[in-house]
Each structure stands twice: as C-alpha cells, then as structure tokens.
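Asks: Listed below, chain by chain, are the residues.
There are 2 protein chains.
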Amino acid sequence: MITVLAGGVGAAKFLIGLLEVVDPQEVTAIVNVADDTTIHGLRISPDLDSCTYTLAGANDTERGWGLRGETWLAMEHLRRYAESNDVTNGDAAGWFNLGDRDLGTHLYRTSRLAAGRSLSQVSTEITKAWGIAATLLPASNSEIRTKVHTTDGRELAFQDYFVRERYDVEVASVTIDGLDTAVPAPGVLEAIAGAEVVLIAPSNPIVSIDPILAIPGIRNAMVARRNNVAAISPIVGGAALKGPADRLLRDLGHEPSVVGIARLYEEVAASLVIDIEDEALAPDVRAAGMNCVITDTIMRSAAISADLARTTLDTAAG
Amino acid sequence: MITVLAGGVGAAKFLIGLLEVVDPQEVTAIVNVADDTTIHGLRISPDLDSCTYTLAGANDTERGWGLRGETWLAMEHLRRYAESNDVTNGDAAGWFNLGDRDLGTHLYRTSRLAAGRSLSQVSTEITKAWGIAATLLPASNSEIRTKVHTTDGRELAFQDYFVRERYDVEVASVTIDGLDTAVPAPGVLEAIAGAEVVLIAPSNPIVSIDPILAIPGIRNAMVARRNNVAAISPIVGGAALKGPADRLLRDLGHEPSVVGIARLYEEVAASLVIDIEDEALAPDVRAAGMNCVITDTIMRSAAISADLARTTLDTAAG
Chain A
1 MITVLAGGVG AAKFLIGLLE VVDPQEVTAI VNVADDTTIH GLRISPDLDS CTYTLAGAND
61 TERGWGLRGE TWLAMEHLRR YAESNDVTNG DAAGWFNLGD RDLGTHLYRT SRLAAGRSLS
121 QVSTEITKAW GIAATLLPAS NSEIRTKVHT TDGRELAFQD YFVRERYDVE VASVTIDGLD
181 TAVPAPGVLE AIAGAEVVLI APSNPIVSID PILAIPGIRN AMVARRNNVA AISPIVGGAA
241 LKGPADRLLR DLGHEPSVVG IARLYEEVAA SLVIDIEDEA LAPDVRAAGM NCVITDTIMR
301 SAAISADLAR TTLDTAAG
Chain B
319 MITVLAGGVG AAKFLIGLLE VVDPQEVTAI VNVADDTTIH GLRISPDLDS CTYTLAGAND
379 TERGWGLRGE TWLAMEHLRR YAESNDVTNG DAAGWFNLGD RDLGTHLYRT SRLAAGRSLS
439 QVSTEITKAW GIAATLLPAS NSEIRTKVHT TDGRELAFQD YFVRERYDVE VASVTIDGLD
499 TAVPAPGVLE AIAGAEVVLI APSNPIVSID PILAIPGIRN AMVARRNNVA AISPIVGGAA
559 LKGPADRLLR DLGHEPSVVG IARLYEEVAA SLVIDIEDEA LAPDVRAAGM NCVITDTIMR
619 SAAISADLAR TTLDTAAG
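Quick mapping for you: the protein sequence lines, in order, are chains A and B.
Every letter in the first sequence is one number past the one before it in this note's numbering, and letter 212, counting from 1, is 212.
With the second sequence counted from 1, adding 318 to any position gets you this note's numbering.
Some clues are possibly wrong.
[Stated by the list, open to error] Simulated restraints, written as ranges between beta carbons of each label pair:
#: 1; chain 1: A; residue 1: K128; chain 2: B; residue 2: A490; range: 38 to 48 Å
#: 2; chain 1: A; residue 1: R63; chain 2: B; residue 2: G555; range: 54 to 64 Å
#: 3; chain 1: A; residue 1: S118; chain 2: B; residue 2: T493; range: 32 to 42 Å
#: 4; chain 1: A; residue 1: E83; chain 2: B; residue 2: P504; range: 24 to 34 Å
#: 5; chain 1: B; residue 1: A490; chain 2: A; residue 2: P186; range: 38 to 48 Å
#: 6; chain 1: B; residue 1: R482; chain 2: A; residue 2: K128; range: 17 to 27 Å
#: 7; chain 1: A; residue 1: T71; chain 2: B; residue 2: V541; range: 43 to 53 Å
#: 8; chain 1: A; residue 1: T71; chain 2: B; residue 2: R482; range: 22 to 32 Å
#: 9; chain 1: B; residue 1: G387; chain 2: A; residue 2: P186; range: 22 to 32 Å
[Claimed, not checked] A partial selection of chain A residues facing chain B, derived with a Cβ cut-off under 10 Å:
#: 10; residue: R63
#: 11; residue: L67
#: 12; residue: R68
#: 13; residue: T71
#: 14; residue: V87
#: 15; residue: L107
#: 16; residue: T110
#: 17; residue: S111
#: 18; residue: A115
#: 19; residue: R117
#: 20; residue: S120
#: 21; residue: A134
#: 22; residue: Y167
#: 23; residue: V183
#: 24; residue: L313
Simulated from the structure, these hints should not be mistaken for laboratory data.
None of the values given here were measured: they were computed from a predicted structure.
Cβ coordinates follow ideal geometry from the N, Cα and C atoms, glycine included.
Okay, chain A solo, but in the shape it has when bound:
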C-alpha cells in the first residue's frame, strides 16, 4: 500500500503518474480539506475535486482546474444579477467561478452532508461515480479552515486569498481554524501507519501539506514513518510552478528553495526529491537533514510524472 499526502492540482498530476506505475487499488491519497469553503450555501472541496476530476481524466488541462468541456451558465446569470445591482462584495459578486457540471458535484456533496453523511463517505461516493480505483480520503471530516492574515491586518478565508485576491497580498501569518477539535478522518492514520511508503506530493507546504500534518495525530504518525517518507519539492529554481508557494515561504520567513522545503519537511520525511535545476542545492538539502534525490520533477507529460513517481517510490522504499 502507498499513501500520498496531497493538495490540489500539483498532487493530482503526481497521482496520475503514480497510478501509471502501481496498482491504483494500492494507492490512498490523504487530501487537504483546509481550503474547503461554503459559497452560495454550497460545500466546496477544491482539493478533493481537483484530485477526483484529474484521476477521472475529466479535468481541463488547459485551464488547469475544473472539468473539461465545462459551461458557465449559472455563473453568467449570477453575475448578471450582481452587475445590475453593483454588487462587488461577497459571494454574490461571482468571483468564485463554478462550472455548471462542477455545480452538480457541490449540490450533491452539500445535500449528502446535510443528510448526515461524512465528507469521507461523500468522497467515496463521488470517486465511485467517476470509476476511480484509488482511494481519496479527506484528511479530516472536521471543518478545519485555513486563514491568511495579511500584513495590512486583514484575515482572509483561504479562497478569498487564493481566488478573489489572486494571492497578491503580503502575508503575515497563516493559521488554521478548527484544529482543537479536529480529528483525522477514518482510515487516515491507518493509511500512514500501514503503508509501505508515504509520499508527500509536490503541493504547497504551507497551505496544502501543513494543514494535513497539523490535524492532531497526523504529524506524529508521519514522524513514526519518517524513514519511509519521501517528499517532492514543489519549489523548482526558487519558484513555485503554480500558485503562491514561493511568495508564501518568503513572506513567512522561509527560504523559497528546496532548502527551505527540506527544513520544513525534515521532521516528517527522510528524503526530498528535487529537480535537476536545483542540483547545486543538494548538499544544502542534505545539510538540512534529508536524503536528496535529483530528477526531473516538472511533470510536462504523463511519462515524466510516471518516472517521478517511480523515483519517489524507490527513494521512500530506501
């Protein structure tokens, strides 16, 4: 069994490669839920959905998120209302784009949760409908929510920061609400303890991986498996391939490099897989206390994703 800590799009791409080289039924992804949100009354789980749609082969690779062949009629109508009434604040302004087919997922999830199902159960139902053989586990069924605190004194819900503000803000700190009562979803600790290897996908360490590790019990479970944990650096050449990881690391006083990543992951992972471009930094990664493996980590194709998965698996297996 192979377990992967996963955020959204970067993790999904990695999972595609992984499923090329191992039996999908052997794979469990533990997916971040701290950027889940309720918008327009609908429960939205962006990382779970990114993983689901990608593993189903239904994702839009050009847009980089959401479903392929998507239409936007609901949002167009919503925005017409907003524009007619000069509504520029709040969900009603329509800054969070929801495709028509994607809405079906959120309508279903919202109703099933309201009917008393857990997020785990609903995720299982959704992945079943898409014919996904791998297991996608939400990290927690508790509502934990990332909050981004800006240097100008605002507290932003994660999607406000990420989508509405396009992460173009200076961040003073990131906190996670709900951790005091949160518990790992059923199967999460077992998936970490029982896996042959545990991989940390090339996801944002601050807002994707840390909110998984921060759930009481998970970090300790990872520490116990450290020797068989390998992470892939989401930072290549000092920059994130996508999203705000580099800027966030810098704003929060971390080095926006594979070395900064090594310092963050050293406690929970024995090895860090870095890109060829960062070869010169390998000694510094090792100095930070991690094994360091150098390979092509930029997943331009399924073949590269598969090679990366194979290398990471071998690394974690020692």
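With the hints as your guide, set chain B onto chain A.
Replies: Quick look at chain B alone, frame taken from chain A:
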C-alpha cells in the same frame, strides 16, 4: 395602483395580461413564499421566480415552468452521483429539477440572504436585473413554510408534496409553519391598503393564496378592502387547470368548484370572476355572498389574459 395576490405560474400568466392593460409601474404583486425551500443548501423561491421569469418573458411556456432555453448539466451530474450510489432519498437524489441558468438565481439569492439582505431586497434586485417594471413583493421576509399532512400520517414539506410526490397523495390537512413570528414584508400592507383595487390571481387557494392571507395582518387588511377586491377562480368546470387545487379542495372538505372558491374567498373579496363553463353556478356563487362575473378565464393567449385582466379590474373597481 393595483395590487395582486399571486402564487406561481397561473398568477404569472394573469400578470402578463394585466401588464398589457395597465402601466406596469402601477402594479404590485404580493407573492406567496410558503412554498419556498432550501435544497442543496440553496434558497429557492418558486413562486417569485415563476412570476419573475414570466414577467421578463424568459419563461419556458412549453414546459410550463423555469427558463426558456434552459440546460440541465448540473442536475445530470448530480443524478450520476445519485445513481452510482443508489441514492433515492433526500435532495441528493435529484428529484427537484434545477436548470443551470436558474441555478444562477438561487446562488445569487442564497448569497445575498446570507450577506444579510432581506428576501424583499433580493427580489427587487432580481427583478431589476430582468428589467421588470412591476413590483414583486414577497408576502413576507419571514420563513413561513407550508406543510402537507397526508392521511397516511406523513408530514411533507411543500416541495416534497408538490414535486417529489407529484401531489399524488391524500391530504388530511395543510398547515403553515412560522406564522406565529411572521410579519408581512415591508410594503405589503401598504400595497393592499393603498391600492385602487386588489385582485386575487387564479392561484391555488389552499397553498398559494391562503399562505399569504394567513400572515398576521394581511387577512384583516384584505377584509378592510373587500369592496374593491376581485378574485379569479382557479377552478373551471370542477377542475384545476394545473396543479392540485381541485384534489386539495376535495380532500380538505371544500367543494371543488367555483362555489367552493366563493366560500373560501367571500370574507376577503366582494367579487368572483368565473369561467363561462361555470355559468350555471353563478347563482350559487352569489348565494355564497359574492358578486359573480362570468367571462373567459382560460388564458390560452395574451389577448385572453388581457381581457380577463380588464374584466377583473372593472369588477373590482365596482
């Protein structure tokens, strides 16, 4: 000024005729909200939306509800999830059909209500976006909800009764939750007190008009205007043109005829407009205490709707 008590589709059709013969800015419709519901986390106001879409000329006349040119991608996806998981109960089963464009209305309404706007304010925003010159007032901004109690002991929320069960149940009683704390929406009592005439649209007396009259203050306001109130019978030849009015009347011990309607409305309206088909019952309507006017009430065309509106206006004006 002309005020109309209105339910959904039948009322909307009548309003179209009315707006042909008077200045739309003179018209206020007080619309039933007791069949509003929350489905998939979305606040849905079926009667307000039916009136809005129809007055905007955007309604689907063939289907009889919803928007013309509508697509159903969100629901198709939702149903795929439901079918894959044998979900046949609750909202998630997908029995309440929501078009993609229509969803834009519900997303907008839900967000605006969550942001603290009243249903009145949101309805004004929505009708403004559609360029509707008439005023659509929800009867109340309070959450009042029709409950249908069946003879086999079930309590059904209105949409469960109407859409899911297709009103194919025997009804023991109809109650309305939330009346003890409900108040008329701003402008409602003024629209009744200040209008030249008040019309009761050919809507279901039990589940469309009564939930308006039952809001504390409204029935008394209508009684005070009785001499200038005219109702159009929704029953023609002993049957409802659409929906469960006839069966409901019968189940609840009322006569499913213009005479039954007269007995229900006699307290609040001086006149009843009935269809030519029911001419023979005119004496019985009068015996029930109402003036009776006979005309063509089946709105097969805009011209007939306009004639019906003119006749009803003249009747109410005395």
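Asks: Evaluate each hint against the coordinates.
Replies: Do the hints match the structure? See the list:
1. K128(A) x A490(B): 38 to 48 Å: 40 Å, holds
2. R63(A) x G555(B): 54 to 64 Å: 56 Å, holds
3. S118(A) x T493(B): 32 to 42 Å: Holds: the Cβ-Cβ distance is about 34 Å, inside 32 to 42 Å.
4. E83(A) x P504(B): 24 to 34 Å: 25 Å, holds
5. A490(B) x P186(A): 38 to 48 Å: This hint holds: roughly 43 Å between Cβ atoms.
6. R482(B) x K128(A): 17 to 27 Å: For K128(A) against R482(B), whose Cβ atoms are near 25 Å apart, the range 17 to 27 Å holds.
7. T71(A) x V541(B): 43 to 53 Å: 51 Å, holds
8. T71(A) x R482(B): 22 to 32 Å: 27 Å, holds
9. G387(B) x P186(A): 22 to 32 Å: Distance hint for G387(B), P186(A) is violated at roughly 45 Å.
10. R63: 17 Å, violated
11. L67: 9 Å, holds
12. R68: Violated, because the Cβ-Cβ distance from R68(A) to chain B comes to roughly 13 Å (cut-off 10 Å).
13. T71: 6 Å, holds
14. V87: 8 Å, holds
15. L107: 4 Å, holds
16. T110: 4 Å, holds
17. S111: Nearest chain B Cβ about 4 Å off; hint holds.
18. A115: Constraint on A115(A) satisfied, holds at 5 Å.
19. R117: 9 Å, holds
20. S120: It is violated, given that the least Cβ distance between S120(A) and chain B is near 14 Å, above 10 Å.
21. A134: Check failed: Cβ of A134(A) comes no nearer than 16 Å to chain B, outside 10 Å.
22. Y167: 23 Å, violated
23. V183: Result: violated, 24 Å to nearest chain B Cβ.
24. L313: 31 Å, violated
Of the numbered hints listed earlier, those contradicted by the structure are 9, 10, 12, 20, 21, 22, 23, 24.
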